[in-house]
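K.L.:
The sequence shown begins at 1 in my numbering and counts up one residue at a time.
Listed next, the in silico DSS-like pairs over lysine-lysine satisfying Cα-Cα at most 30 Å (straight line):
#1 K87 - K69
#2 K69 - K94
#3 K86 - K69
#4 K82 - K69
What follows is a set of in silico ranges between Cβ atoms, one per label pair, in the way DEER data are often shown:
#5 T216 - S173: 25 to 31 Å
#6 Y248 - T225: 24 to 30 Å
#7 T153 - S117: 22 to 28 Å
#8 G385 - G223: 34 to 40 Å
To be clear, the hints were calculated from the coordinates, so they are not data collected in a lab.
Idealized CB from N, CA, C, for every residue including glycine.
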Amino acid sequence: MKAYLQQNIRILLIAIVYCIVIMFLSIGTVIAQEDTVIVGTGWNMVGSLYNGPAIDIIRTEPAGIIVSKFFGYNPGGGYEIKDTLKKGIGYWVKVMEDGIIIFTGPYTNNPPNQPSSPYPLDYATGIDTNITLSWACSDPEDDPLVYDIYFGTDNPPTTKVSSDQSGTSLARSGLSQGTTYYWKVVAKDDHSNSTSGPIWRFTTTAGQMGTPCPGTPTVYYEGKTYNTVLIGTQCWLKENLDVGVRIYGSQNASNNGIIEKYCYNDDPANCNTYGGLYQWNEAMQYTTTPGTRGICPTGWHIPTLAEFQTLSSSVGGDGNALKAIGQGTGGGAGTNTSGFSALLAGFRHYDGYFYDMSDLAYFWSSTGYNSTSAYLMYLFYDNSGITFTTTPFKELGFSVRCLKD
Numbered sequence: 001m002k003a004y005l006q007q008n009i010r011i012l013l014i015a016i017v018y019c020i021v022i023m024f025l026s027i028g029t030v031i032a033q034e035d036t037v038i039v040g041t042g043w044n045m046v047g048s049l050y051n052g053p054a055i056d057i058i059r060t061e062p063a064g065i066i067v068s069k070f071f072g073y074n075p076g077g078g079y080e081i082k083d084t085l086k087k088g089i090g091y092w093v094k095v096m097e098d099g100i101i102i103f104t105g106p107y108t109n110n111p112p113n114q115p116s117s118p119y120p121l122d123y124a125t126g127i128d129t130n131i132t133l134s135w136a137c138s139d140p141e142d143d144p145l146v147y148d149i150y151f152g153t154d155n156p157p158t159t160k161v162s163s164d165q166s167g168t169s170l171a172r173s174g175l176s177q178g179t180t181y182y183w184k185v186v187a188k189d190d191h192s193n194s195t196s197g198p199i200w201r202f203t204t205t206a207g208q209m210g211t212p213c214p215g216t217p218t219v220y221y222e223g224k225t226y227n228t229v230l231i232g233t234q235c236w237l238k239e240n241l242d243v244g245v246r247i248y249g250s251q252n253a254s255n256n257g258i259i260e261k262y263c264y265n266d267d268p269a270n271c272n273t274y275g276g277l278y279q280w281n282e283a284m285q286y287t288t289t290p291g292t293r294g295i296c297p298t299g300w301h302i303p304t305l306a307e308f309q310t311l312s313s314s315v316g317g318d319g320n321a322l323k324a325i326g327q328g329t330g331g332g333a334g335t336n337t338s339g340f341s342a343l344l345a346g347f348r349h350y351d352g353y354f355y356d357m358s359d360l361a362y363f364w365s366s367t368g369y370n371s372t373s374a375y376l377m378y379l380f381y382d383n384s385g386i387t388f389t390t391t392p393f394k395e396l397g398f399s400v401r402c403l404k405d
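Turn these sequences into a full structure, and let the hints steer you where they fit.
P.N.:
So this is what it looks like as structure tokens:
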């Protein structure tokens with residue numbers, strides 16, 4: 001399809017057919033190449049040398065520069081707004097900047113651009129439980145867009161929480177504390193095209209941290225008073241458990257009805273400061289049930305691996321937030337913003353010796369791995385990592401921290 005153009009007309013005039021023909025044949029008339037016409041800012045006369053397209057499929061580059069209707073001359077009534085360009089007829093149209101009018105028709109409409117610029121930012125933490133999600137999106141042809149939004153705790157999110165909404169924001173309220181949420185936006189234009197955005201995620205704030213658990217500020221157990229601390233929705237003992245009769249590092253605990261503990265370097269003063277160190281079977285009181293009470297007070301239990309992972313999520317994976325002030329150094333210096341007050345208590349090795357005091361903190365979970373190993377959480381002195389792993393020997397002696405049922 002070829003087209004033509006009369007450029008640089010700034011004022012739309014009422015004229016007769018004869019004048020239009022003269023303008024088409026004048027020196028100012030431009031024959032366009034193929035199906036495009038270069039236009040200048042202001043009024044331009046354009047037309048098709050063959051069967052012209054409908055106005056609604058005409059495009060421009062840059063998009064959206066046409067700021068008027070297409071006006072064609074009607075001998076019986078002057079200039080009128082036209083819906084279709086006819087061959088050999090000139091039409092006035094105004095553009096707001098230099099560009100190109102494209103007469104391709106019919107043409108393939110492009111899908112929307114991918115949604116972007118999410119709020120909250122991807123992987124954001126500490127987000128309020130009442131939040132307004134927002135994003136940005138555009139369309140190559142400036143088609144009107146609507147959006148479907150998927151949201152939830154599954155990755156990928158499968159629950160559609162809004163359909164065909166026109167705005168680029170969505171309020172969500174009553175979210176759970178310390179929880180990671182996933183969301184996705186699908187943009188749709190009015191030509192049945194759609195573009196799915198990436199999966200974004202954020203983690204809500206853990207809520208109040210560092211304060212005693214409501215109604216249970218302390219726990220008295222076996223002659224010792226323990227403080228409690230609320231971290232997210234979990235109520236923890238603030239100190240390592242120190243209960244039982246001390247045995248030497250060269251000995252193994254036995255299922256004799258007596259709770260047996262190690263003190264680092266066989267020094268009772270270390271149990272007073274750092275708590276006892278326990279073999280897994282002794283801490284579990286010779287059961288393998290995850291979440292068992294074990295050697296914890298009544299109404300409390302040894303945390304499962306999943307519960308330790310929830311603790312980690314509550315502090316955004318920041319091990320320094322779990323370590324007491326003065327524990328660790330450099331990038332591993334404790335800030336104790338959670339109030340968990342972890343101490344780098346080291347461990348008892350099955351060779352009977354003790355290692356890693358001031359370097360590492362190890363905590364047994366109640367989640368076993370197999371007959372000889374179980375899961376644990378540990379913290380480093382020189383970085384902020386929180387690590388979950390298994391140990392090949394349940395005979396190792398680690399710290400125990402109790403969690404309220």
